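Asker: Take a look at the letters that make up each chain.
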Amino acid sequence: MEAGIEEHLAAGRHARAFDLIVPAFRDRVFRLAWSILKDRAAAEDATQETLVRVWKALPGFDGRAALGTWIYAITRNTCLMELRRRRPTVSFDDPDSHEAQQAAASIATGPAGDPERDNLLRLVETLPANQQQAVRLFYLEDRSYDAVAEALGMPLGTVKNLLFRARKRLMELARPEEVQAA
Amino acid sequence: MNAEAPARWDPCEDYALDLMELGDGTLPPERARTVRQHVDGCTRCRHWMAEMTAVGSALAAAMPRPELSPDFDARLRGRIGELSSHTRAERSDLRAAIEHEHERMVDALRRGLRLRTALNAAATASVAGGLLAAAHSIGPDLAHTLGFADSTLFGLSTTAALIVAASIAAAASARRWLGSPSPSVLFG
Numbered sequence: 001m002e003a004g005i006e007e008h009l010a011a012g013r014h015a016r017a018f019d020l021i022v023p024a025f026r027d028r029v030f031r032l033a034w035s036i037l038k039d040r041a042a043a044e045d046a047t048q049e050t051l052v053r054v055w056k057a058l059p060g061f062d063g064r065a066a067l068g069t070w071i072y073a074i075t076r077n078t079c080l081m082e083l084r085r086r087r088p089t090v091s092f093d094d095p096d097s098h099e100a101q102q103a104a105a106s107i108a109t110g111p112a113g114d115p116e117r118d119n120l121l122r123l124v125e126t127l128p129a130n131q132q133q134a135v136r137l138f139y140l141e142d143r144s145y146d147a148v149a150e151a152l153g154m155p156l157g158t159v160k161n162l163l164f165r166a167r168k169r170l171m172e173l174a175r176p177e178e179v180q181a182a
Numbered sequence: 183m184n185a186e187a188p189a190r191w192d193p194c195e196d197y198a199l200d201l202m203e204l205g206d207g208t209l210p211p212e213r214a215r216t217v218r219q220h221v222d223g224c225t226r227c228r229h230w231m232a233e234m235t236a237v238g239s240a241l242a243a244a245m246p247r248p249e250l251s252p253d254f255d256a257r258l259r260g261r262i263g264e265l266s267s268h269t270r271a272e273r274s275d276l277r278a279a280i281e282h283e284h285e286r287m288v289d290a291l292r293r294g295l296r297l298r299t300a301l302n303a304a305a306t307a308s309v310a311g312g313l314l315a316a317a318h319s320i321g322p323d324l325a326h327t328l329g330f331a332d333s334t335l336f337g338l339s340t341t342a343a344l345i346v347a348a349s350i351a352a353a354a355s356a357r358r359w360l361g362s363p364s365p366s367v368l369f370g
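Chains B and U, in that order, are what the protein sequence lines are. Counting from 1, one number per residue, gives the positions in the first sequence under the numbering used here. Counting from 183, one number per residue, gives the positions in the second sequence under the numbering used here.
Because the hints were derived from the structure by calculation, they are not lab data. Computed from a predicted structure; not experimentally measured. Note that the Cβ used here is the ideal one computed from N, Cα and C, for glycine as well. You may find that some hints are simply not true.
[What the hints assert, rightly or not] In silico contact screen, one side only, chain B against chain U (beta carbon under 8 Å); selected entries: (1) Leu20; (2) Thr47; (3) Leu51; (4) Val52; (5) Arg53; (6) Phe61; (7) Trp70; (8) Ile74; (9) Arg76; (10) Leu80; (11) Arg117; (12) Tyr139; (13) Arg143; (14) Leu156; (15) Met171; (16) Ala174.
[What the hints assert, rightly or not] What the simulated footprint calls covered on chain U by chain B, stretch by stretch (three residues with Cβ under 8 Å from a Cβ of chain B suffice, anywhere in the stretch; the number is not a length): (17) 196–207; (18) 235–243; (19) 258–267.
[What the hints assert, rightly or not] Beyond 12 Å from chain U on every Cβ pair, some chain B residues (computed): (20) Ala3; (21) Asp39; (22) Gly63; (23) Gly68; (24) Arg87; (25) Asp114; (26) Lys160.
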């Protein structure tokens, strides 16, 4: 699919390239946006905005970076702008504040009345933002370290470390009180 | 809740990341064999790996799987179509502005050419007058020297030849100025 897109781009057929980009990247962009924004509607808006930006910028795409890398960078910037709009001092590296955790409560959109599930998702919300993003994407992207690394624009080793620290922390938090006190 | 778990729960440092990858099924086969051998003989790592696998399974089951709205593509097409028509309109406005400017420049050149032609004509008339006067004063002698019998006819012929030459030069100049390309040639 991406080879076909690049052929069209090389020939200056931007509209036809875009017609292939949308089905190829739409869902991946949405999952990345959701992992950052933690809200389905906001992630969908960010996906629309990202693809519109891609459409506008496509004639200037010079192919120096891989197409996916370029699109994911636009996605992350779009999401970062949305986060800044909500909270002017936000950064991807900041641990989530109480305010962000409250906002994130809206993600618990699964089956109601599952306290274990809700509790686990609440524990995820206490992780630093970059660990949360890595964990969400990892399980949305069929447990692919490579897919997470590409989407977040991070080296593979960094992603593995983020996932390791996140799950280690969740294990610690999920242990019964008497075990933790031992 | 404690910030740090008791050390007895931590795996052997050299195997920590490998245990995670073994649980996720991404460890290369050769390394996986080595790690499995270690896990078989290490209670701490075995315990830790079982716990991490359980957390991983719980996360996989708990994680929401949001999906795009069914009308996502239609809305995107609508936005792109709107932007495309704006872009087309902007291009059309730009083209009209360029053509208008081109016409204005051509008009200015034509006006300049008319002035230039009038000045050329005036200059030609002055030269012709001067030549007539000269022919009148020195014409008889020069005609005689050159072997012409009628000095007045010689002066008139010379002046007429000069006027024709000046007119041809003016016409060539006008053609060059009027021969500029049209806007459609420039902008398709």
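Asker: Does each hint hold? Answer for all of them.
Answerer: Hint check:
For the restraint placing Leu20(B) at the interface with chain U, the shortest Cβ-Cβ distance is roughly 13 Å, beyond the 8 Å limit, so the hint is violated. The interface hint given for Thr47(B) is met, as the beta carbon of that residue sits about 7 Å from the closest beta carbon of chain U, less than 8 Å. Hint on Leu51(B) holds. Least Cβ distance to chain U is approximately 6 Å, under the 8 Å limit. Annotation: interface hint on Val52(B) holds; nearest CB of chain U at approximately 6 Å, less than 8 Å.
For Arg53(B), the suggested interface contact is broken, since its CB lies about 11 Å from the closest CB of chain U, more than 8 Å. Because the closest C-beta pair between Phe61(B) and chain U is about 16 Å apart, greater than 8 Å, the hint is violated. Against a cut-off of 8 Å between C-beta atoms, the interface hint on Trp70(B) is violated, since the closest Cβ of chain U lies about 18 Å away. Nearest Cβ of chain U to the Cβ of Ile74(B): about 15 Å, over the 8 Å cut. The hint is violated.
Taken as an interface hint, Arg76(B) does not check out: its beta carbon lies about 18 Å from the nearest beta carbon of chain U, beyond 8 Å. Among the interface hints, the one on Leu80(B) is violated; its C-beta lies about 19 Å from the nearest C-beta in chain U, farther than the 8 Å criterion. Taking 8 Å as the C-beta cut-off, the interface hint given for Arg117(B) holds, the closest approach to chain U being about 4 Å. A least Cβ separation of about 4 Å between Tyr139(B) and chain U falls short of the 8 Å threshold, and the interface hint therefore holds.
The interface hint given for Arg143(B) is met, as the beta carbon of that residue sits about 6 Å from the closest beta carbon of chain U, less than 8 Å. Given the 8 Å rule on beta carbons, the hint for Leu156(B) is violated: about 10 Å separates it from the nearest Cβ of chain U. Nearest Cβ of chain U to the Cβ of Met171(B): about 5 Å, under the 8 Å cut. The hint holds. Taking 8 Å as the C-beta cut-off, the interface hint given for Ala174(B) holds, the closest approach to chain U being about 6 Å.
Counting residues of the region 196–207 of chain U whose beta carbon lies closer than 8 Å to any beta carbon of chain B gives 6, which reaches the threshold of three, so the coverage claim holds. Counting residues of the region 235–243 of chain U whose CB lies closer than 8 Å to any CB of chain B gives 6, which reaches the minimum of 3, so the coverage claim holds. Against chain B, the region 258–267 of chain U contributes 4 residues with a C-beta closer than 8 Å to a partner C-beta. That satisfies the three-residue criterion, and the hint holds. Non-interface status of Ala3(B) relative to chain U is upheld: no Cβ of that chain comes within 12 Å, the nearest being about 23 Å off.
For Asp39(B), the requirement that its beta carbon stay farther than 12 Å from each beta carbon of chain U is not met, with the minimum near 9 Å. Look at Gly63(B): its CB is around 22 Å from the nearest CB on chain U, clear of 12 Å, so calling it non-interface holds up. Every Cβ of chain U is farther than 12 Å from the Cβ of Gly68(B); the closest lies at roughly 18 Å, confirming the non-interface assignment. Arg87(B), annotated as away from the interface, keeps every beta carbon of chain U farther than 12 Å; the closest lies near 22 Å.
Distance to chain U contradicts Asp114(B) as a non-interface residue, since its nearest Cβ pair spans about 8 Å, not more than 12 Å. The claim that Lys160(B) is not at the interface with chain U is violated, since a C-beta of that chain comes within 12 Å of its own (minimum 6 Å).
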